[in-house]
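Q: Take a look at the letters that make up each chain.
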Amino acid sequence: MTDKSNKKLHGVYAEFDAVDPLLAACRRVRDAGYVKTDAFTPFPVHGIDKALGIKPTALPWIALACGLTGTAIGVFMQVFMNTFDYPYIISGKPFFSMPAFIPVSFELTILLASFGAFFGMLALNGLPKFSNPIFTDPGFDRATDDKFFLFIDSADPRFNHKGVARLLTDAGGANLVDVYEDDTSTQSPKWLWIVLGSVIFLSMIPLLLVARMRVTNSSSPRFHVFFDMDFSPAKGAQMTTSLFADGRSMRPDVPGTVAVGQFDRELDFYSGIDMDELARRDSGRAERLVRAMLYPDDPQDATADAEAAAEQPADAVPATDQPAAEAEPAEAATAPPAAESPATELNPAVVEPAPSPTGAAVTSEDTTPWLRKNPLELSVEVVERGRTQFDIYCATCHGNDGRGNGLVNRRAQRILATAWVQPSSLHQDTLYQDVYPDGKLFSTISNGIRKMSGYGSQIKASDRWAIVAYVRAMQASQNADVDDLPVDKRDELKKLKAEVEAKLAAAAEAEQKKAAEAELKRAEAAKQKPADAAAKAIP
Amino acid sequence: MSLAIPQGLDNTVERPGERAPLVLGETTTYHSVTEMVSQIAERPPSRAWVIGFLISATLASWFGICIAYLIYTGVGVWGNMNPVFWGWPIVNFVFWVGIGHAGTLISAVLYLFRQDWRTSINRAAEAMTIFAVVCAGTFPGIHVGRAWLAFWLAPYPSLNLWMWPQFRSPLLWDVFAVSTYGTVSLLFWYMGMIPDLATFRDRSTNKWRRMAYGILSLGWSGSSRHWMRYEKAYALLAALAAPLVLSVHTIVSFDFAVSQVPGWHTTIFPPYFVAGAIFSGFAMVLTLMVPARHIYSLEKLITVRHLENMCKIILATGTIVGLAYGTEFFIAWYGQVGEEKFAFVNRAFGPYWWAYWTMVTCNVISPQLFWFKANRTTPWRIVVISIFVNIGMWFERFVIVVTSLSRDYLPSAWGYFGPTWVDWSMLVGSFGLFFTLFLLFCRFMPLINMAEVKSTLAGQLHHHHGNH
Amino acid sequence: MSEHKHHLKTADDPSFQLPASLAALAVPLAAVGGAMLIIGFLIGAVAGPGDAAESWRFTMSAYLVAFTFCFSISLGCLFFVLIQHLCRAGWSVVIRRVAEIFMIAIPALALLFIPILLASWSPSGVLYPWSDAGFGDSHGIPASTWEEKLRYLNSGWFSVRSAIYLVLLSGLAIYYFRLSRLQDETGELTLTERMQARSGPAVMIFSLVTTFAAFDWLMSLAPMWYSTMFGVYIFAGSMLAAHSAVTVATYLLQSRGAIRDEVTIEHYHDLGKFLFGFVTFWTYIAFSQFMLIWYANIPEETEWFYTRMQGPWHSISYLMIFFHWLFPFLGLLSRHVRRRPKLVFAWSIYLLVVHFFDLYWIVMPQAGPTLGGASGILVSLLLTLGMFGLYIGGMLWFTRCKQVKILAVRDPRLPESLAFENI
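Chains as they are written, first to last, in the working numbering: chain S, 1094 to 1632; chain W, 254 to 721; chain R, 760 to 1182.
Hints in this document: simulated from the structure, not taken from any laboratory. A hint or two may mislead.
[Said to hold, decoys possible] Here are some chain W residues pointing at chain R (derived, C-beta under 10 Å):
(1) Arg-272
(2) Gln-292
(3) Thr-572
(4) Phe-583
(5) Gly-588
Computed from a predicted structure; not experimentally measured. Yeah, the Cβ is synthetic: ideal placement off N, Cα and C, and Gly gets one too.
One chain only, chain S, in its complex shape:
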């Protein structure tokens, strides 16, 4: 009020007590030709838009456009997600199920249309607007209580301070107030920016941490805010339980049942024996063999089994914990005790036993009708598979080249293990196909021989056959001639051979040189610290 002269006039308003005088005044002001006018009332006054000449709003169109956008988003989102991008059969409904897509489309229509109505209203009204020159006079506070105000803007082309004041007074308005533009600083206080900035900065930290976590690896175990079912009470392998009388959490197969996929090939495939032929020659043995496959745990058949077990593939007794030694083979019992001499051990070709888990050798002639042909259809893939399995299970003892000098063997010799039996080399005449049929090799892998235990429970039958195929390939490779190769491969091999030989020669030369150098160094070192060097040489 003090320095009005310096301020720019914003407009003039007058106060009214009731609706009807206000409306009358509005009409009068409108008829006088003023357009930049406004009334301020504590509640919506019916008819004031006509009295002031306010045009209807476009809000319904905004809401309609938003609503249709919502419908479109709803429909396209669901069709894209459930019909095209991630089609998934549920309760027999088609991927494109319009009835099921209606509820969400409807909700999104309403949601977006409501946003349109609400935010559209705020935008058209220019809200939020926290600074308004009209609020400067405390008398105006009653505009939200019980008083009505009619305002004429100074920007109106017809505005003239005296004329407006007279018009408003004549129209019944009281307490005329001149409103001046608010010239207080529009700068926000500094502390606000500081607080705001630090809040934003601090709130970014967790986000950045999360973002960092997502792109980095960590070797420390997961930090469990929520357990996420990571600690399940389910039993692991070899754990005990109080649930079953025998205390084992791993359950054996139920006797007399066949698991899915357990016998989906003929029995020959699992035994390595031509079972029809065996039944013709020795029906009792064939029967026992089959029984043992089907009823691995049946104690009634324990003795009858024993004999069968002597040659039955361990594949049929996958989960049995019965130690092999417990089932004393009938045949082995009657047969003269096998010589445990290292000679026979080392040379399985001399004695030709039916493969027996106890390692007992039976000297009688092998009349078993072994399968002579690998039942798998041979291909590069099968042999490759055989190589993989061989390298995993067999190579540790037999060596990658099958010469019986795997890592275990080497270590056993280094530590001079007394009970160690040298694994067989697979490259010997007695193990070639003509004398040692594929079926027999299969059976040996399955049931073991001498110190070698059976791998039937660890390797799938088809993989055992693949190993057989690989062993045969390996055997052939060691005695092959260049002429055995296809014509187009021969040159390649020759080239390869030359390369390898050259490399070997180079390597040998380098080795020699190195050895000489090392010798020289060692000699020097020995001179300086003889005791130390001696200690190092021992391992």
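Model the placement of chains W and R on the given structure of chain S, informed by the hints.
A: Then chains W and R, alone, in the frame of chain S:
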């Protein structure tokens, strides 16, 4: 400025051709309306408020503790079992969503039908809606098992999951319906409050209070141009919210009715659920408003006529619910499908017969007392009957969820559901949360829509002038 | 608003009478209608689609469609009147009498129900398959189930129930019509109070009767099918038809010079809103019913919709989505449309036609898998137009003879209705 309407006038009597006043009091003016409503938030809280707040806040905290316990331990702490996988959490969810319907119904549907009497009660009813939706939303959120992964329900492109939600499932419709409903109700409520918050702002003498209400009221000035767009937006929101109210409980009913569970799969469910929701919502409004009106001396604004009208709506919707119960029973017999017949006989005479008959007594019989005017116009009787209605509607959801699931198609899988202490705590705790929020609202926000009441008063004044 | 002063005309103003040009149509309309009805029956009997049994089933079904079409209008108008009293509505007073005239046709329509009643006694199940006792056997329904069904669906009990429905509805219609007309003379306020006080129980009776009449008359055409929502579905259609009929009648009356000053744009605007509302409500109910049955996919329920997804019914089912929902929904969405009486009138006629197709779609697929060819369509057309002519002609004749005013001239809320303005 004042009205010549005697203080003790019975505005429940209306001579045809004349409209009974909705705002009473010889000395009631625009300013006195402002005073009556504003002083609730301006005076220090009464002892009753403090005690009520402490009790409900304690219960709400207990609710929070129970949720933490549930999340830490797992949903096994509930009584949910096989075959009743949806136990109390879903019963409570449907119950609270139903309560939430009266608010928007009063604001939107009654607005569209030009029922002026809504102006005194719509604000509190809308607030109640939002708080009820908050309570309702909690239950499915914690019922999903791993509550911290509830955001998987949202259709966002996830690099971990590489999949989208299943939009052909009614449970996902529910997510969208309830969240849309919560959002739109919030907008509606807030938008309605903007002018009244401006009144609070202009009355406040304290700088901080003025700033807080100033920010909330977005600089509302009461400009006629603003009012015009505001009213249009209000009408639009009302027109959008009215089908929304219907759709929300319809979709909740779809959760049940699209299944093949006997007793759930019946086509009357959508309108019957909606009627039931309105029924329970109005009962809750009355349960809250009758005491509030007494405590805050708002008898001139929330008159007996307002209460009576709400009682009539309860009577109407209660009767519709009763008709639906009857239709269901009849069709179960008429349809001659064995499982359906069994399901309904089992409801009434099976192991949960007590729940069924509690429901029928509270929902169908007790509202019939509102045929008598004395019951519609005596506040304490209204409260008692309303509470019975609320109990009945909780039991309705219990009957639907539990009896049908406990006796499914497979008799070998039948079972009997029993709640655990966590179930009980959560039911009571959700009431605590609801009342806490409501009491905070009464304390800090305009309990009655002043602008609309003044508008009604203006209409009365105008009419008054016209008659002379 | 002070600007809108309405000067009340006297009660015997000629503009409150049925215009002579319309009154003159009464007898010709009824006569032509009756004749068409008879011709329709004859064609149906002689040259209907299929063999004699099929032809009769088709003709009777077409008759049922025609009957329910007229009946649903009157039924909706009865509810309209009841709900106005229940809510003490003021805006609707100027159009309430038009609804009351539609409503008072219910007792007359009861007579037209007689052919349906007779058909329900047919031992060969001419209209209702359940009246053929062998139906269960021939459709592989277990005997015990079928026997149980027949305890409700049998000719005697059906007739008793139908009589109860018609008597109750006629009673309500006559009661409200009489009191309303009485007020034209006396202008007594107590009459309004009486009508208001009784509207609560009346609505309860109405709801029960509508629900069960819908089950009996329409749902039992497929005796094994059931839907709890069916009554609400029929109610929704009836309300839509009633609001359309009131709009059409009011517009026609105004175009002939009657009640020109009384019914204003504001009333059309409100009627337009109700039309829009009931289009939406009908869609909501129809969709909910379909959705629940489609989703659950239980054979005993899908049968009904399955029938309607075969042959020509499949296309009609799809067309219903567009014609009964989408077009009128979009058409009535805008306030500008609802504030133009001519457009509201046009949409009302349109909605009456689609309401007819709704009923046709409910009834006719039970009569056969086709539309019945040219003769079938002709029979449907003749019976419907005939029945509608008889219905309207009878109503005009009644209004003329009884000197019924077309405005509730001394209703205490008439001034409020006259001054009514939408926000």
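Q: Indicate, hint by hint, whether the structure satisfies it.
A: Structure-based check of all given hints:
no., hint, result
1, Arg-272, "8 Å, holds"
2, Gln-292, "31 Å, violated"
3, Thr-572, "6 Å, holds"
4, Phe-583, "8 Å, holds"
5, Gly-588, "4 Å, holds"
When held up to the earlier numbered hints, the structure conflicts with hint 2 and nothing else.
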